[in-house]
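Chain U is already provided as a structure; the job is to place chain C on it using the hints.
Protein chains: 2
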Amino acid sequence: MTVREPLTEFELISRYFSAIGPIKSSSVKLGIGDDCAILSLPVGQQLAMSIDTLVAGRHFPDGAQPYDIARRALAVSVSDLAAMGASPVAFTLALTLPDVDQPWLQQFSAGLRDAADYYQLPLIGGDTTQGMLAITVQVHGSLPQNIALKRSGAKPGDAIFVSGNLGDAAVALTLMQQSFDVTSAQQAFLHSRFYQPQAQLALGQQLLGKASAAIDISDGLLADLGHICKASAVAATLYSQQIPLSDVVKDVVDSQRALYYALTGGDDYELCFTAPVVQRAEIIACGQSLAVPITEVGVIAAGDGVQCIDQAGAIVDFPHSGYQHFQ
Amino acid sequence: MTVREPLTEFELISRYFSAIGPIKSSSVKLGIGDDCAILSLPVGQQLAMSIDTLVAGRHFPDGAQPYDIARRALAVSVSDLAAMGASPVAFTLALTLPDVDQPWLQQFSAGLRDAADYYQLPLIGGDTTQGMLAITVQVHGSLPQNIALKRSGAKPGDAIFVSGNLGDAAVALTLMQQSFDVTSAQQAFLHSRFYQPQAQLALGQQLLGKASAAIDISDGLLADLGHICKASAVAATLYSQQIPLSDVVKDVVDSQRALYYALTGGDDYELCFTAPVVQRAEIIACGQSLAVPITEVGVIAAGDGVQCIDQAGAIVDFPHSGYQHFQ
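These protein sequence lines map, in sequence, to chains U and C. To convert a position in the first sequence, counted from 1, into my numbering, add 13. To convert a position in the second sequence, counted from 1, into my numbering, add 13.
In case anyone wonders, no lab produced these hints; they're calculated from the structure. Since this is a predicted model, take the numbers as computed values, not measurements. Wrong hints could be hidden among the right ones.
Since copy identity is lost for identical chains, a pair holds within one copy or between any two.
Stated by the list, open to error - Computed list of lysine-lysine pairs in DSBU-like fashion (alpha-carbon distance at most 35 Å, straight line):
1. K243 x K42
2. K223 x K42
3. K37 x K223
4. K243 x K168
5. K243 x K37
6. K168 x K42
7. K37 x K168
8. K243 x K263
9. K223 x K263
10. K243 x K223
11. K168 x K263
If we strip away everything but chain U, and leave its shape as in the complex, we get:
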């Protein structure tokens, strides 16, 4: 039963959004409860920030659990910090809710708390408004000066790497929309890959000074690598045989479909990055020390655009090339 009782905005914040994330942070000078939050970074550090909105029915299914929504909302934004190589500092939350549903808020708050503890990000400010369910998170991270992993540094000859496996989240999303044969263990794995994407914060930080460009894979490898190519004014070739797939994806969909999901599916929040080939050994070692699989999947060349070729050298073609919010 859903219990709804009147609750002011101030009570709501105090009950569900106070003391989220680590309590002590040397960077947070003022947290929730004033007109502004205040951050102070050590001398020589810069502040990286990214804002993302998740809308019900667009970025997660309408019936998604509030615990899962909260975890996913924070992870998706933290992934942008990972892609720059930034260390977590704090986050803000603008939450639009259709009504004050306290059991819902209780679960949402628990998910947010778990994710904030996991990523070591205190909640320092926010806004709650009434409307269709939407969650906007802005994350803030710190970086030494002039060292951020931008999209614009890829050079011809650089190798292209990805972390983890690709396509899990897209298969998970498909499974939510149409049922097909999976075991309960496979379903649980896919569910967690969609709702609890693992922002690769530690990897991003380790790549500072090694990678030439980086991006997180939110729209699909083809589309996101395309952003690196555009920003760097280079071309990219991917090798279809090298694209890393989880055992579950290999088991539940055929190989052509698996490749399609891996290249165009998005939502995996793994990192795609480029680096000079002399960095290859060190980068693979980085991944091993963090227990994050790193796979070399292609090469940067002069030109523009992204192509994927199979073992025979033929271009792999798909009707779509990545998720566009407004197509």
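Only chain C this time, still in chain U's reference frame:
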């Protein structure tokens, strides 16, 4: 006629949200177009930030002009910087739109550009998503260390001040919902007071080191002064005769209703602040030098709660005491 044509998120951002606000900013190290934006502040400066969401039908009427919505959205957030005494640095925008309506976006973009130029705030990052119209803005400002105007510094004996006139925006909102006799000049004045609130940035900065506590009036003077009292563990008494009202408000509503709007209406985005009485002359002079009227409206005492008394010393009573988003 509304023309709708397919537009990718990237084209949309490039067409309507690039180069908004001052182009050159020494604090902005990386703007729109990467996974994160990057800010760097001078040594000794802290970063103040505030996030606010405006939802169609809640924070502005459904038929509001996109130009007005954009201006209001930025001003409302900048007002939080003003309330801390911060200087503007940059802002981010998370925009949720029902569809890609290019004439709408054109006007919205123009309003955002005008406000960003006015407040000298570059747009450094954002997100666009599809859903019910909602605008989330996070503003960032800079402050010297340990000098921010918090809500928690008011002391018994301090005088209470407000900038500008109160109640204009509430009368404007009422006029949008029910018609009553106003001249077109009065209507234009009220419209601009609602849609183009004047965030008191310069005043806030001038009050650093002079005011003991400050807040911007978004929910109504009684409610917002109540936040100062709660955070400072003090009580406040307001003098009803002192509450500053515009000539238009005095002309179009009776005096009791005018006082009600001024005390409970919200949306004016003037500053309410407290200061030791020894600062009175300097504060009034501040206002004069900025051409911002400053009015002393009451006094802080030991205790808790906010009351307003009339000339006879009787307590002025209203059924409501400020706008609560979820009541």
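Here is what the structure says about each hint:
1. For the homomeric pair K243 and K42, the shortest alpha-carbon distance between copies (20 Å) is at most 35 Å, but the shortest distance inside one copy (39 Å) is not.
2. Taking identical chains as interchangeable, the C-alpha atoms of K223 and K42 lie at most 35 Å apart whether they share a chain (33 Å) or sit on different chains (21 Å).
3. Taking the closest pair of Cα atoms, K37 and K223 come within 35 Å of each other both inside a single copy (31 Å) and across two copies (30 Å).
4. Proximity of K243 and K168 under a CA criterion of 35 Å is satisfied intra-copy only: 12 Å inside one chain copy versus 57 Å between copies.
5. When the C-alpha separation of K243 and K37 is checked against a cutoff of 35 Å, the pair qualifies only between copies, where the shortest distance is 23 Å, while the shortest distance within a copy is 41 Å.
6. In this homomeric assembly, K168 and K42 come within 35 Å of each other (Cα to Cα) only across copies, at 22 Å, whereas the closest approach inside a single copy is 41 Å.
7. In the homo-oligomer, the alpha carbons of K37 and K168 lie at most 35 Å apart only across protomers (28 Å), although the nearest pairing inside one protomer, at 41 Å, exceeds that limit.
8. Taking CA atoms no more than 35 Å apart as the test, K243 paired with K263 passes inside one copy only; the shortest distance there is 31 Å, against 59 Å between copies.
9. Within a single copy, K223 and K263 get their C-alpha atoms as close as 31 Å, which meets the 35 Å cut-off; across copies the closest is 67 Å, which misses it.
10. In this assembly of identical chains, the alpha carbons of K243 and K223 lie at most 35 Å apart only when taken from the same copy (21 Å versus 51 Å across copies).
11. Proximity of K168 and K263 under a CA criterion of 35 Å is satisfied intra-copy only: 33 Å inside one chain copy versus 67 Å between copies.
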